[in-house]
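Participant: Protein sequences appear in the order of chains A and B. FYI, my numbering numbers position 129 of the first sequence as 129, with every residue one higher than the one before it. FYI, my numbering numbers position 91 of the second sequence as 91, with every residue one higher than the one before it.
None of these hints come from the bench; they were simulated from the model. The beta-carbon is built from N, C-alpha and C at its ideal position, and this holds for glycine as well. Errors might be hidden in some of the hints.
[To be verified] Computed Cβ-Cβ distance ranges for the label pairs, DEER-style:
hint: 1; chain 1: A; residue 1: E249; chain 2: B; residue 2: P48; range: 31 to 37 Å
hint: 2; chain 1: A; residue 1: Y172; chain 2: B; residue 2: T11; range: 52 to 58 Å
hint: 3; chain 1: B; residue 1: D91; chain 2: A; residue 2: N266; range: 54 to 60 Å
hint: 4; chain 1: A; residue 1: E307; chain 2: B; residue 2: Q37; range: 54 to 60 Å
hint: 5; chain 1: A; residue 1: T179; chain 2: B; residue 2: S57; range: 55 to 61 Å
hint: 6; chain 1: B; residue 1: P48; chain 2: A; residue 2: R295; range: 18 to 24 Å
hint: 7; chain 1: A; residue 1: R364; chain 2: B; residue 2: T68; range: 25 to 31 Å
hint: 8; chain 1: A; residue 1: L248; chain 2: B; residue 2: K20; range: 29 to 35 Å
hint: 9; chain 1: B; residue 1: S57; chain 2: A; residue 2: R351; range: 20 to 26 Å
hint: 10; chain 1: B; residue 1: S57; chain 2: A; residue 2: L2; range: 35 to 41 Å
hint: 11; chain 1: A; residue 1: Q121; chain 2: B; residue 2: E115; range: 47 to 53 Å
hint: 12; chain 1: A; residue 1: E300; chain 2: B; residue 2: E115; range: 38 to 44 Å
hint: 13; chain 1: A; residue 1: E249; chain 2: B; residue 2: E23; range: 57 to 63 Å
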Amino acid sequence: MLQTALHQWHVDHGGRMVEFGGWSMPVQYTSIMAEHQATRTATGIFDVSHMGRFWFRGDDIDAVIDRLLTRRVVGLEAGKIRYSLMCRPDGGILDDVLFYHLAGAAEGEQFMMVVNAGNRQKIFDWIQAQTAGSGLAVQDRTLDTAMIAVQGPAACDVVKKLSETDPTSLAYYTGCCSTVCGKWAVLSRTGYTGEDGCELIVHAADAVAIADAVLQQASAVGGMPAGLGARDTLRLEAAMPLYGHELLESVNAAQTGLKFAINLKNREFVGRDAIQSAMSRPELLVRSGLRLEGRRAARENCEVWSEENRVGVVTSGTFSPTLNQSISMAYLSPQVAATGTALHVDNRGTRVPAEVVQLPFYSRS
Amino acid sequence: MNPDHLLYAETHEWVRVEDKGSEKIATVGITAHAVEQLTDLIFMELPPTGSQVTAGSAFGEVESVKATSNLYSPVTGEVVEINQGLPDQLDLLNKDPYGAAWIMKVRLSEESALERLMDRRTYDQQAS
Numbered sequence: 001m002l003q004t005a006l007h008q009w010h011v012d013h014g015g016r017m018v019e020f021g022g023w024s025m026p027v028q029y030t031s032i033m034a035e036h037q038a039t040r041t042a043t044g045i046f047d048v049s050h051m052g053r054f055w056f057r058g059d060d061i062d063a064v065i066d067r068l069l070t071r072r073v074v075g076l077e078a079g080k081i082r083y084s085l086m087c088r089p090d091g092g093i094l095d096d097v098l099f100y101h102l103a104g105a106a107e108g109e110q111f112m113m114v115v116n117a118g119n120r121q122k123i124f125d126w127i128q129a130q131t132a133g134s135g136l137a138v139q140d141r142t143l144d145t146a147m148i149a150v151q152g153p154a155a156c157d158v159v160k161k162l163s164e165t166d167p168t169s170l171a172y173y174t175g176c177c178s179t180v181c182g183k184w185a186v187l188s189r190t191g192y193t194g195e196d197g198c199e200l201i202v203h204a205a206d207a208v209a210i211a212d213a214v215l216q217q218a219s220a221v222g223g224m225p226a227g228l229g230a231r232d233t234l235r236l237e238a239a240m241p242l243y244g245h246e247l248l249e250s251v252n253a254a255q256t257g258l259k260f261a262i263n264l265k266n267r268e269f270v271g272r273d274a275i276q277s278a279m280s281r282p283e284l285l286v287r288s289g290l291r292l293e294g295r296r297a298a299r300e301n302c303e304v305w306s307e308e309n310r311v312g313v314v315t316s317g318t319f320s321p322t323l324n325q326s327i328s329m330a331y332l333s334p335q336v337a338a339t340g341t342a343l344h345v346d347n348r349g350t351r352v353p354a355e356v357v358q359l360p361f362y363s364r365s
Numbered sequence: 001m002n003p004d005h006l007l008y009a010e011t012h013e014w015v016r017v018e019d020k021g022s023e024k025i026a027t028v029g030i031t032a033h034a035v036e037q038l039t040d041l042i043f044m045e046l047p048p049t050g051s052q053v054t055a056g057s058a059f060g061e062v063e064s065v066k067a068t069s070n071l072y073s074p075v076t077g078e079v080v081e082i083n084q085g086l087p088d089q090l091d092l093l094n095k096d097p098y099g100a101a102w103i104m105k106v107r108l109s110e111e112s113a114l115e116r117l118m119d120r121r122t123y124d125q126q127a128s
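When you get a sec, could you build the whole thing from the sequences and use the hints?
Facilitator: Here you go:
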């Protein structure tokens, strides 16, 4: 099992370590609820070093990568970051990724991508195979870098005290090369919690000192380290999909409802035609939100029913600490996916009433 | 309740057996170690009074933000009382796991399962 540069830091701070995507990661330090609330109200500090980090070298990198992404990135301005899906020719989802054109980066460091931990090798191989002959070189720098997400309403103020670049000067979904605690860092205004915040990519050797400094600043405003447990409840409230749950190779990108991440017009990319034709197939299940009666969470693979008809399946579910009730994402037949539709979920043999609700469940004011 | 005087199951339940006339009544709960491992409890499902429980078999469920876990009965017999208020005050499990957060009382129909339970010291060694 792989360990991040912050492994000992997690253990020292009481992290309960579990396996995730081939990595040993902290699921929680204190309690998921406390870490969740700290992120919503102040700051949560997350080690996300398990995510894969690739840098690209070559000519016309944005154009070469554009052919692999559902979202247009050719001509992406320096400083901008795009969330996109990467698909097979049949539209099945290989991964969801962030593509960065960093401002202020050295030659050969301008273009990078962050992919899911469990898909790192698959996506590396896929990019290599799909771009063969283009002159593109892909460098996997996951192991010699670390990535720290600082999330929450106080996150930018916390990072501001330590970084050369004021994060509040960056627009949401932009990023640059800068320094944090005097060390090289990629600073981006991105995250996976539904809160404002930053993500820092740093050299592995600097990770502990930077995590300590961030924690010291965050503690002063009620922040704390947060684990994968809180990361999951936070992203679920914000209705952000998770690879392996909402996103799978067996799911066509058109089913995800992530319209902002799919540009079909005037461009060619792997999976485009299959995604376009799936858009007009009314029988395909669509990603939807459910609010369940009671506190009890539905889990992945719970079946969703309308009267006596099976109409879908839960992909993620949890008790929502912010809303104080049970929420789920599910793939539902479009006939029952309208907001307000009354359904029920088979939760380990119990029929639990559920209502279709608009996503996201939570959005920051 | 002094946890030194209880018996413990490998699956992290505790038992206190008392003689009530000719019957033996076992009070069952879950250990502080189990509560610490589960954290963030949001739901508990308990069996109805009058149901039969079997040593080693699930009698209920406890759910945290992260996962659902079975509760395993350390004894065999009939449930004669459950702690009705507990599912609505799961915080009691943190505050007083060996007292106010008892889960159920079982009239034992056989006692051989008690021989498989551990004393405090053996349990602590196993759980640590």
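Participant: 35 to 41 Å was suggested as the range; check whether the CB atoms of S57(B) and L2(A) agree with it.
Facilitator: Given a distance of about 39 Å, which is inside 35 to 41 Å, the answer is holds.
Participant: Holds or violated: the 31 to 37 Å window for the beta-carbon distance between E249(A) and P48(B)?
Facilitator: Distance hint for E249(A), P48(B) is violated at roughly 45 Å.
Participant: Are E300(A) and E115(B) spaced within 38 to 44 Å by their CB atoms?
Facilitator: Since E300(A) and E115(B) have Cβ atoms about 40 Å apart, the given range 38 to 44 Å holds.
Participant: Using the beta carbons of L248(A) and K20(B), state whether their distance is inside 29 to 35 Å or not.
Facilitator: 56 Å, violated
Participant: Is the gap between the beta carbons of D91(B) and N266(A) within 54 to 60 Å?
Facilitator: 58 Å, holds
Participant: So the hint says 20 to 26 Å: do the beta-carbon atoms of S57(B) and R351(A) match that?
Facilitator: Given a distance of about 24 Å, which is inside 20 to 26 Å, the answer is holds.
Participant: I want to verify a distance hint. Is the separation of the beta carbons of Q121(A) and E115(B) within 47 to 53 Å?
Facilitator: Cβ of Q121(A) to Cβ of E115(B): about 51 Å, so the range 47 to 53 Å holds.
Participant: With respect to the beta-carbon atoms only, verify the hint that P48(B) and R295(A) lie 18 to 24 Å apart.
Facilitator: Cβ of P48(B) to Cβ of R295(A): about 20 Å, so the range 18 to 24 Å holds.
Participant: Falls inside 25 to 31 Å, the C-beta gap from R364(A) to T68(B)?
Facilitator: The hint (25 to 31 Å, Cβ to Cβ) holds, given that R364(A) and T68(B) are roughly 30 Å apart.
Participant: Can you let me know if the beta-carbon spacing of Y172(A) and T11(B) is within 52 to 58 Å?
Facilitator: 48 Å, violated
Participant: At the C-beta level, are E307(A) and Q37(B) separated by a distance inside 54 to 60 Å?
Facilitator: 40 Å, violated
Participant: Given a hinted range of 57 to 63 Å, is it respected by the beta-carbon distance of E249(A) and E23(B)?
Facilitator: Taking Cβ atoms as reference, E249(A) and E23(B) lie about 59 Å apart, which means the hint holds.
When held up to the earlier numbered hints, the structure conflicts with 1, 2, 4, 8 and fits the remainder.
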